[in-house]
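Assemble the whole structure, with the sequences as input and the hints as a guide.
Residues are numbered in the numbering used here as their position in the sequence shown, beginning at 1, plus a constant of 610.
Hints were generated in silico from the structure; no laboratory data involved. Hints may contain errors.
[Claimed, not checked] Okay, derived cross-link-like pairs now, SDA-like style, lysine to any residue, Cα gap no bigger than 25 Å in a straight line: (1) Lys814 - Arg777; (2) Lys818 - Gly854; (3) Lys818 - Arg832; (4) Lys657 - Trp867.
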Amino acid sequence: MVYDPEIWPLFTIQVIKTKEQPDHIFISLDNLFLDGMSMQIFFSELKTLYMEPNHQFIPLDITFRDYIDCDAYPINTQNDWEYWLTRLPQLPPAPQLPLIKDPAQIVQPRFSRLQTSLSTSVWQALQQVAQQNNVTPAALLIAAYCATLSAWSKSPELTINLTLFNRHPVHPQINEVLGDFTSLQLLDWYTCDLWSNSISMMQKRLHKDMQHRSVSAIKVMREMAIQRQMSHIEIPVVFTCALGYKHDEGFLSHHSWLKPVWGISQTPQTWLDHQVYESDGELYLNWDFVEQLFDYTTIFPCSSNMNIYSLNWLLNHNLGNCH
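Right under this line is the structure:
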């Protein structure tokens, strides 16, 4: 369902009750007002009210509007913009993926989801591999995703969009506020002879880029189009990482009080969004994609390759020796 942002509410909640099976709750909402981390807060508070109907939440001393109006967190937009101007010539194009239809011909995109998970033991082992090689777990997952895209793309060098959750620490209760704190940042990927070199170089670039994240990817892409004399630039392949935020330990887990049956995200100007998050110690991996663009017999092996083969394979090899 697509909502009109000028008409409230931007969500729908329905319940189907049956005699022989558990009730089914259908929740549809617009990420225009709730990002992924806010959804964790929402479901955590929903659980509290379900378990304790008379529970009274303490009102927060800060709202999302207060956050937007707040200037307590210093940024240097001009310096950040100058930084990205120097980065522009280096950025390769978006992944040149095999499409079965011209995106311009799609009036109403239909999204599908491929999902899998890694057990607690496998996920913990992967985190140990990352630590032993001085990279973050997020960087390891990004690298596995980019390497898969690189093998699938016409060109091994590519740029994707990263979804950032920018909750600046302007108030002690900021991590309890519901809202959309996200922004986009470009990330470029280059294939080296060794995995360790590819990941290390990518992590260094990402760390430096993150220091200049006051300039959104949208503005950078507009300038890129101008400099390259193109009508517009699209980077429709996205990585969304929600690691390290555990407001609800059982968020969307099959062991949770609400057991997920089906889910999907739909984002304008996005062809493929790979989302990763933790729940009950396991790692969940989603590929949400526009089904009119991709041959299922192609995208399914690609997602399986990244989610299962690539990650499990890393566990049995020294990262420095991986090609």
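Outcome of the hint check:
1. Lys814 - Arg777: Roughly 22 Å between the alpha carbons, so the hint for lysine 814 and arginine 777 holds.
2. Lys818 - Gly854: 20 Å, holds
3. Lys818 - Arg832: Distance of about 21 Å is within 25 Å: holds.
4. Lys657 - Trp867: 8 Å, holds
In this structure, every one of the numbered hints holds.
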